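Line order of the protein sequences matches chains Z, V and D. Here this note's numbering runs 3 ahead of the position in the first sequence, where the first position is 1. Here this note's numbering runs 716 ahead of the position in the second sequence, where the first position is 1. Here this note's numbering runs 75 ahead of the position in the third sequence, where the first position is 1.
These aren't lab readings, by the way, just hints derived from the structure by calculation. Small disclaimer: the values here were computed from a predicted structure and weren't measured. We treat Cβ as the ideally placed atom computed from N, Cα and C, and that holds for glycine. Worth double-checking, as some hints may not be accurate.
Each pair of labels, with its calculated beta carbon distance range [claimed, not checked]:
id, chain 1, residue 1, chain 2, residue 2, range
1, Z, P166, V, E849, 47 to 57 Å
2, V, T741, Z, A14, 12 to 22 Å
3, D, A346, Z, T146, 30 to 40 Å
4, Z, R158, D, A450, 33 to 43 Å
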Amino acid sequence: MTMEADQRRQANQRVVKRLGIAAMLMFGFGFALVPLYDVFCDITGLNGKTGRIELEQALSSTVDKDRLVTVEFLGTVHSDLPWEFKPMVRRVKVHPGEVTEVNYYARNLTDGQVAGQAIPSVAPGQAAKYFNKTECFCFTRQTLAAGEGKEMPLRFVVDPGLPEEVRTVSLSYTFFQAKDEVTTETISMEKGSLDSIL
Amino acid sequence: MSTATTHDEHHHGAPSGLMRWVKTTNHKDIGTLYLWFAFIMLLVGGAMAMVIRAELFQPGMQVVDPQFFNTMTTMHGLIMVFGAIMPAMVGFANWQIPMMIGAPDMALPRMNNWSFWILPFAGTMLVSTLFMEGGGPAFGWTFYAPLSTTFAPASTDFFIFAVHMLGFSSIMGAINIIATVLNMRAPGMTLMKMPLFVWTWFITAFLLIAVMPVLAGVVTMMLTDRNFGTSFFDAAGGGDPVLFQHVFWFFGHPEVYIMILPSFGIVSEIIPTFARKKLFGYSSMVYATASIAFLSFIVYAHHMFTTGMPVAGELYFMYATIMIAVPTAVKVFNWTATMWRGSMTFETPMLWAVGFVFLFTIGGFTGLMMGVAPTDMQYHDTYFIVAHFHYVLAAGALFAILGGVYYWIPKWTGNMYNERLGKIHFWWSAISINVLFFPQHFIGLAGMPRRIPDYSLQFADWNMISSLGGFAFGLAQIFFLFIVIKTIKGGEKASGQVWEGAEGLEWTVASPAPYHTFATAPEVK
Amino acid sequence: MFANTLRRALCSLWGALVLLGAGNAFAGYSDTINLVKGVTDISHKVYDLHMLVFWICVVVCVGVFAVLIYSIIYHRKSKGAKPATFHESTTVEIIWTTIPFLVLVVMAVPATTTLLALEDTRDADMSIQVTGYQWKWKYDYLDEDISFFSVLTTPREQIEGSEPKSENYLVEVDNPIVVPINKKIRFLITSNDVIHSWWVPALGWKQDAVPGFINDGWTELSEPGTYRGKCAELCGKDHGFMPIVLIAKTEEDYAAWVAEQKGAAEADAAAATQTWSMDDLIARGESVYNTNCAACHQANGAGIPGVFPAITGSAIATGDMAGHVDIVMNGKAGTAMQAFGAQLNDVDLAAVITFQRNALGNSAGDMVQPSDIAAAR
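Isolated chain Z, as found in the complex:
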């Protein structure tokens, strides 16, 4: 009886240990889904994450003169960023493989320095991985002084491998308040408005 109970206890402890490890692994798996999701997005173009390549590489690609792709530009400012932001051109027609440069315009509407981060997105999603940029204001955080307005360049190339059925590519940028400066910004803005009240 006791021996049997002893064996049973050991068996139970084994189960607890194994399942406990399994549960912890699954907890880790939840976090592993984050990079896995990025890989998945890269493969499928989900959520329109665009690519970045070097200029030389872009210039070396062959231009497909027989095909024209319309590229539309959109600009959105997130509600927490007091900026004006818009594309200088609404749309261009480009040959795949051709390096093209366009400008966006952004202006800081506040009387303090504000940093923003632009996040790109492409529709339709399947075009995203064929849309490569060599230069973009979205690569780094952009800082604008009080009331400063600035043209922001974007140089891109559409990969000739773009599926035949895609004829229009829409590129959207959403400007967010740059994340790690949020706290200081909030304080300075509050201070600003406090000063003007007092």
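Mind docking chains V and D on chain Z? Use the hints.
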């Protein structure tokens, strides 16, 4: 380990006083605690549903403000899922699994005590958010980011902590069940001889261990996004709000099977008993349960057809989703074949089980309709989905739970419930739940989104009917409380066998089941 | 194709039911009990698919329920039924596993073609950006330089019940989105804050608006008309109060509308250079307040304690003008207070600020002119 000492305690019965419940490691006591906790939560969540239906009784804002309305829909969902259905199922598992497999108790009695006693604290913390400044969580039970991160009230951190605790409790409970099934079976009780209820719970326990940690992970990410400057779900920092939905539904879809698989188990126990005929296709039932559990991991993104998934993804998730109809259909066919040419009587448990089969089938079919991606573009986030998941979870899981209570309460208390009152409870509930949820199919198809506190005029008639059904259904469960208390207090004494057609080890012990059963393992031939 | 044959068969079955009179009661209610049929080719495809799947479900359901009910009636103990002893049959199991599988394959074929058509956004004639805000929609016509917000116009009195509800209760807006017929229109959908979902049932689809990302959808209407929809994804307090009204116009009418919009923009620009009286500003400010501010700060300016601050008696609305202008124009980071500088024109900003300072229980007594706002930009 209590196995060695049970023999001495056998004649002493249960200790008395409050500390009995606090310190208990007895599976029957813990089962009772779980069931009462679930019942209280059912009434709390039900009261919230009454607020929702009162506000939607007619167009216009009458009863609550929109923010509080959102809090009600959120809390109703969370409480019903994590507070009522899941703990009730664990309660059944605690009471029945040891008795069904001839074990003296659960494998890990002390952990069992912990799993339960975490729950009241988690539940209290969740409910307490209602009284915090800024109100409780108001972002839906699916708590999509960024509404639940950047835009959520301060109480969200308490909600996150409550979910962590609930997850802990569930994982411990699941480990206990697996250990019990693996190590505590009586000699001769092979896996393929186990009652189907034990099988469904065994599989469910694995689902719990696989997905509850993922839920813990996703709320942890929310917590760090909210408080520690990470950007898992914030596009501004390179994250993605849609990622939240992927991680959430990786948990969320198996979660719905966690609620429904044990229901299948309960129904598969009740139907053969009252048909006086063995369950048809036992092994195919086991395989169907396992394949539903497996499929639940690879279909989750059908909740996200409208988020802008690539077409290839939509096609894959559509095909995989509608495949779930196959094992589910097999189950319904098996129950039908079990009843076919049986010798049926319709005591209250059987009524609930048959009601379950009918209504769950309807819910299953609307699920199939929504699995079809192009039509889901219309159904998604409307009252059609609300009707669907209430058919499978209220008319499904809750009906199975109520049936299970009637089926086993004579064994638990030693008293027969009042058959007449039980039947009234069933018919009252069955009619009102259809009045409540069937019209929601109509208003959903006609274009009413879910989670809105006020609606345009073309939805007025059906909403009023639905609300009336809702009030009646709510009242029926208060009536159930009365029936349960009446049964505990007294009634016709039940025999050990209780039901003429019942088979299984739990019916070989006396009613009420002694405090310690199977201290000496029974022989299973 | 088998699917079509099956559909025809089911349609005749439905026809038979209607002839029998069973459908009569349904017919009058078809608007409120069945899926919206919609007005586009795609919405009709979706509707047909919905009906196909629905009837397959009904037929299977009726079959299973018939067996169940027969068994419940005849195989009961009180009828003297003796239980049979069978409990297994591999053949039967294989048959009833295979048949549902085949039915699903039949369903998957039209589902796939419809889905591919639904997602085919290429070769659009024009693009409109749709941006969800808490709790309104913004439409940017990429080709026309037209951009406006679309806000619910149902008055509070109707919602709170002190006035009778109008016909388009909760599905009426100040500036509907206007589109031409017979053009393939591509919608580029995004959000400014939380996730919303843009849904006009008559078009046959909905699409989530996700902050930071764009999704696309398309439509091509053939008949002029007004189509109403709603936000379908929970987006906070006023999720139920951000409808969509889409008006389809003939090409000529659409051209006239575009010209009118451009004219209105010029008129606004002209109004911004004038000097306004306080009464005019307050009058205009009240309507601006009700459409843009009242959802959070409440119509009476009391706010919601702990969630949205009050305007009445607030340090900002009764204090220094510059601070007030600053918070309205630039918002407050980390809170629900948006930067309205980007959303409203100079006149509306001047009006709403003046209104907040001199109404809702406040009496600062000062006012701000549109030209001051322009200077502050």
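Verification of the supplied hints:
| no. | hint | result |
| --- | --- | --- |
| 1 | P166/Z to E849/V: 47 to 57 Å | holds, 53 Å |
| 2 | T741/V to A14/Z: 12 to 22 Å | holds, 18 Å |
| 3 | A346/D to T146/Z: 30 to 40 Å | holds, 35 Å |
| 4 | R158/Z to A450/D: 33 to 43 Å | holds, 36 Å |
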